[in-house]
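Asker: Generate coordinates for the entire structure from the input sequences, incorporating the hints supplied.
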Amino acid sequence: MKSLNLKIIILFIILITSFNSKVFANSMDFISELTSNASNILASNQSKSEKMNQLIGLAEINVDIDGIGIYTLGKYRKSLSEDQIKEYEILFRQYFLKSFSSRLSEYTDPKINVLSEEVINKKYTIVSSVLEADDKRPEIKIDWRVYTVNPEKPLVRDLIIEGLSLARTQREEFNSVIQNGDGKIEVLFLNLREFISK
Amino acid sequence: MKDTIKNRHMYRILKIIIISMLLFNPSFAGSDGQKDLSNNSNGEVKDCFEGLNRGIFAFNQALDNIVVEPLAKGYRLLPSPIRTGTSNVLSNLSLVITIPNNFLQGEFELAGKNSGRFLLNSTIGILGFFDPASKIGLNNYEKEDWGQTLGVWGVDEGCYIVLPILGPSTVRDTVGSLATYMGGDSWYNITVKNDTRYVSDFDYYASVATNGIDFRAKNIESFQNLETNSIDFYASVKSLYLQDRKKKIANSDYITETMDDSDWEEIETQ
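Here the protein sequences come in this chain order: F and S.
Terminal number for the first sequence in the numbering used here: 198, no gaps in between.
Terminal number for the second sequence in the numbering used here: 468, no gaps in between.
Hints listed in this document are in silico derivations from the structure and should not be mistaken for laboratory results.
Hints should not be assumed to be uniformly reliable.
As the list claims (entries may be wrong) - With a straight-line cut-off of 20 Å between C-alpha atoms, the simulated DMTMM-like cross-links for lysine to aspartate or glutamate are:
{"hint": "1", "chain 1": "S", "residue 1": "K416", "chain 2": "F", "residue 2": "D109"}
{"hint": "2", "chain 1": "S", "residue 1": "K416", "chain 2": "F", "residue 2": "D134"}
{"hint": "3", "chain 1": "F", "residue 1": "K198", "chain 2": "S", "residue 2": "D430"}
{"hint": "4", "chain 1": "F", "residue 1": "K75", "chain 2": "S", "residue 2": "D245"}
{"hint": "5", "chain 1": "S", "residue 1": "K416", "chain 2": "F", "residue 2": "E162"}
{"hint": "6", "chain 1": "F", "residue 1": "K98", "chain 2": "S", "residue 2": "E419"}
{"hint": "7", "chain 1": "F", "residue 1": "K98", "chain 2": "S", "residue 2": "D412"}
{"hint": "8", "chain 1": "F", "residue 1": "K141", "chain 2": "S", "residue 2": "D245"}
{"hint": "9", "chain 1": "S", "residue 1": "K271", "chain 2": "F", "residue 2": "D134"}
{"hint": "10", "chain 1": "S", "residue 1": "K446", "chain 2": "F", "residue 2": "E162"}
{"hint": "11", "chain 1": "S", "residue 1": "K271", "chain 2": "F", "residue 2": "D135"}
{"hint": "12", "chain 1": "F", "residue 1": "K111", "chain 2": "F", "residue 2": "E132"}
{"hint": "13", "chain 1": "S", "residue 1": "K341", "chain 2": "F", "residue 2": "E82"}
{"hint": "14", "chain 1": "F", "residue 1": "K75", "chain 2": "S", "residue 2": "E242"}
{"hint": "15", "chain 1": "F", "residue 1": "K184", "chain 2": "S", "residue 2": "D430"}
{"hint": "16", "chain 1": "S", "residue 1": "K446", "chain 2": "F", "residue 2": "E139"}
{"hint": "17", "chain 1": "F", "residue 1": "K78", "chain 2": "S", "residue 2": "D262"}
{"hint": "18", "chain 1": "F", "residue 1": "K184", "chain 2": "S", "residue 2": "E248"}
{"hint": "19", "chain 1": "F", "residue 1": "K198", "chain 2": "F", "residue 2": "D182"}
{"hint": "20", "chain 1": "F", "residue 1": "K98", "chain 2": "S", "residue 2": "E425"}
{"hint": "21", "chain 1": "S", "residue 1": "K333", "chain 2": "F", "residue 2": "E186"}
{"hint": "22", "chain 1": "S", "residue 1": "K271", "chain 2": "F", "residue 2": "E106"}
{"hint": "23", "chain 1": "F", "residue 1": "K136", "chain 2": "S", "residue 2": "E242"}
{"hint": "24", "chain 1": "F", "residue 1": "K136", "chain 2": "S", "residue 2": "D430"}
{"hint": "25", "chain 1": "F", "residue 1": "K75", "chain 2": "S", "residue 2": "D430"}
{"hint": "26", "chain 1": "S", "residue 1": "K416", "chain 2": "F", "residue 2": "D182"}
{"hint": "27", "chain 1": "F", "residue 1": "K136", "chain 2": "S", "residue 2": "E419"}
{"hint": "28", "chain 1": "S", "residue 1": "K446", "chain 2": "S", "residue 2": "E242"}
{"hint": "29", "chain 1": "F", "residue 1": "K51", "chain 2": "S", "residue 2": "E248"}
{"hint": "30", "chain 1": "F", "residue 1": "K111", "chain 2": "S", "residue 2": "D399"}
{"hint": "31", "chain 1": "S", "residue 1": "K416", "chain 2": "F", "residue 2": "E106"}
{"hint": "32", "chain 1": "F", "residue 1": "K136", "chain 2": "S", "residue 2": "E267"}
{"hint": "33", "chain 1": "F", "residue 1": "K141", "chain 2": "S", "residue 2": "D262"}
{"hint": "34", "chain 1": "F", "residue 1": "K136", "chain 2": "S", "residue 2": "D245"}
{"hint": "35", "chain 1": "S", "residue 1": "K244", "chain 2": "F", "residue 2": "D182"}
{"hint": "36", "chain 1": "F", "residue 1": "K198", "chain 2": "S", "residue 2": "D262"}
{"hint": "37", "chain 1": "S", "residue 1": "K416", "chain 2": "F", "residue 2": "D135"}
Here the structure is a predicted model, which means the values were calculated and not measured.
Answerer: Next comes the structure, spelled out in structure tokens:
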């Protein structure tokens, strides 16, 4: 009887996990689904704030916000205390989600075609795509750095737009703020708080 | 007589190249290699005049808000075929700088392809307004300039600088652009330097200004977006400029060639 109960519990856990996590055949599929979901949100008739909330939800599931946060600290990440790291992670998450949704919400019905992927190593795959041209702007090439350590849960770590890495730009921006604040991380915290409260 | 003028131009260009190599690649000057490595170990370009640069950047931004952005918005109201045609003409004109630089970078096949493109678009394409070359496979045109050639030859960027009106640059790229005014740009030569019956100074400066407005018009939302979402806009623009130059000098669309992955490797969150 005990054994049967255990089997049922194991089966239940397996079912729950399989419903919660969709396994993608490759990173291209993952990006295709992500961009399609984002396009649907942006093309919908919802209000701007509703769209932003949905985009935030999408980013929280599919983007490695903590990883990007640590990366953007650059050389300073090694000199921070545990408390400072914790505080930074909270602030960065708020900053990232606000900035991310604000950047995307400017687009209405963007059309992204996913073209190919290149596996760099076990950890990373680069997926290439293009944002179709419209009346206002030319076609834009977008590459996605996908973190694939856990194949069942791939995560986006960077967007490379026309060869320019957003994560790297962010890192250099943060490093400039810290450097100009005499190397004090609190100056970055202050700037992040100001941005979040805007 | 023509040969003497040509030689004089070539001599000037060579002089710029030699001086820039001595100035911007300290290893050529017999300095302490260890020290250079420690100063620039992560490949970052130094911002030697940051205070001044930020001042000029603020001035440029004000100028952009008052003059360039409104002009770019106005330019966008033009019918799309007119904008595309204008953009094509400017792109075609840039080939007179690109082709010699293709040669200097050892890209002979590309130089041939771009020469074909220039001939075809300047004639059948009516001074470059139309782009028949792209339709027969002479497409994917990438601009090249003197600064990129110096980069391909191994000259370091030197310090990052912000030029009034012209915007972000490096010492190397600024020296490279000086070649334009010393015979390195045929369009400049036939308009400003040697005024002819058909084209004048005005045509040159109008083309430069239109080029700036055309670029700005294509990037209105991107600039606005970047500015709104930056906590240090100056640093963001600097980073994007330097990444763009690095990519162009590598002459590669192949993203993994231009990116250093070492910083990502140690970040584990799963």
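Asker: What hint numbers does the structure not satisfy?
Answerer: Violated hints (numbers, rising): 7, 8, 13, 17, 19, 21, 23, 24, 26, 29, 30, 33, 34, 36; every other hint is consistent with the structure.
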